[in-house]
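Residues per chain are reported as follows:
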Amino acid sequence: MTVVPRPDGTRERVSPPISTEAEPFWDATRERTLLVQWCPACDRGIHFPRAACPTCLGDVLEHRPSTGEGVVYACSTMASPGNPTMSGREPYVVALVDLDEGIRMLTNIVGEDAAAVAPGDPVRVAWEPLEDARHLPVFVRIKA
Amino acid sequence: MIATDPFRARTAIVGVADAVDPSGELDGTVRSLEVRMIREALTDAGLTIADVDGVASCISPGWAPSLELAEYLGIAPRWTDSTQTGGSSFEVQVQHAAAAIAAGMAEVVVVVYAATPKSSFKRGTGGFGSRQGVLAPTPSGEFEVPYGMRMPMGAYALAASRHMYEFGTTSEQLAQIAVDSRTWSSLNPRARLREPITVDDVLASPMQASPLRKLDCCLMTDGAGAVVLTSAERARDLRRPPAYILGTGTCTTHAMVSEMPDLTTTGAVVSGADAYRQAGLGPSDVDVLQLYDSFTITILLLLEDLGFCPKGEGGPFVAEGVLGRGGSHPANTTGGGLAYTHPGMFGIFLLVEAVRQLRGECGDRQVEGAEVALAHGSGGVLSAMSTVILGTEATR
Ligand SMILES: [Zn+2]
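Sequence order for the protein chains is W and B. Position 50, counted from 1, in the first sequence is what my numbering calls 50; the numbers after and before it change by one each time, with no gaps. So the mapping is simple: my numbering equals the position in the second sequence, first residue as 1, plus 1000.
By construction, these hints were calculated from the structure, which means they are not laboratory data. Take these hints with a grain of salt, some might be off.
If you want the footprint, here are the derived chain W segments under chain B, 3+ residues with CB under 8 angstroms [stated by the list, open to error]:
1) 80–87
2) 104–114
Only part of the chain W face toward chain B is listed, based on derived beta-carbon distances under 8 angstroms [claimed, not checked]:
3) 22
4) 24
5) 48
6) 73
7) 92
8) 96
None of the values given here were measured: they were computed from a predicted structure. Where a beta carbon is used, it is the ideal one built from N, C-alpha and C, also for glycine.
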């Protein structure tokens, strides 16, 4: 899967904290694999990972590989950084992406054509390395 | 009018106060401002601190807002509420207080708020204006903050993005909301921004988080306010005409914007329906609106969700200036969070102005014949919605 290098002259992103429930999610990012937490009883995906399904409160949950593809639900270009580690990347795109598995993630749209992204555009996961060998899932536009 | 709901008009707001300065700054600490607001609101009502047996506060420097406030005031309340839902906390606390008073658990409740983000930021003492950067082990820290969304405006920008995509809403239409605010603030000597503006002015202001520009966004100022509630029976003997609480409703749908089920529809659909049902009223009965305007898009969504226009038609609805002075739906008659004041949480000011409009105290910005006022708080990132419908003696 695509690795997106950190832009020249920018800082390492702060590493996201790892909750107990999201350990499988973050572990898989070391291999650049996107997992979706799944409730077999409801047959639906869950994001963010939880100790119990937010539909049935069941705690027998698993993680399934995502296709890594989805559609932009909404997007906004930040004219200035939302936190100090993003300094130098502006302007950059923050988006909500609806994955094929039916979950929605907040993310960035990256790549040369990111600025022109719009709701409804198809996107695919890409990976930005984090300092602890994890990767942060970001998305690139899929060419029509 | 069918008055069947057991809570309808059983309680009233009988005292109000707010402190706002055109400089955007206030003298005094947060605590001193809270105490001043409580004193002024009680004086307004013709009550004293000895009458107060309930307090509500949603922020404190410590761990228990209403507890610490009661200690500072030197009182031993039999009812407290520290509910925190962001900017709508005060509408939620009014709902809770009205229920408590109607149930006999308290008789006189004060709801208070003060914040000094602007002067604290200038003094370098932190406060609301300080930047995030440390990632707390929360779902937001884990799954949102790493992506650098500006908060809170980025979340509202996503909602605007989706509304434009689904319904064809335009930046010009959003801009008209900010233009209308100035038709009111220009009449309000305490407002921070009083210069009239045009749609072009809004469109020419710097882009912050697309599609939201600087003039689509609320202010960052100091500010403080308080309201006093009591039973309808006791209200009739006090100094001011009571603003009866006709109906209330609350609904929270999420904390993080990535968990919001539908970015074009808020919990105001539920909170508004509950408040209308309790009041026995509908949108066409409302004479003056006080709607939380953290951003122009917030107003647009609230107008749709509270039934003032159909879903998706907010853009064309606001485009002709209906919210401004002389419009069919006078809204945010102080100038609102966009032009009057916005100390991080605007909800208390919505209630204070709603009451003043019903009393006919608003001078140049008075809406003639205002008998029913709707105050609606929105907290978090369109997360926590709370509606309070108030009425005069004639509509109770
Ligand atoms: Zn389930």
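Status of each hint after checking the structure:
no.	hint	verdict
1	80–87	holds (count 7)
2	104–114	holds (count 5)
3	22	holds, 6 angstroms
4	24	violated, 13 angstroms
5	48	holds, 5 angstroms
6	73	holds, 7 angstroms
7	92	holds, 7 angstroms
8	96	holds, 6 angstroms
Hint 4 from the list above is the single one not met by this structure.
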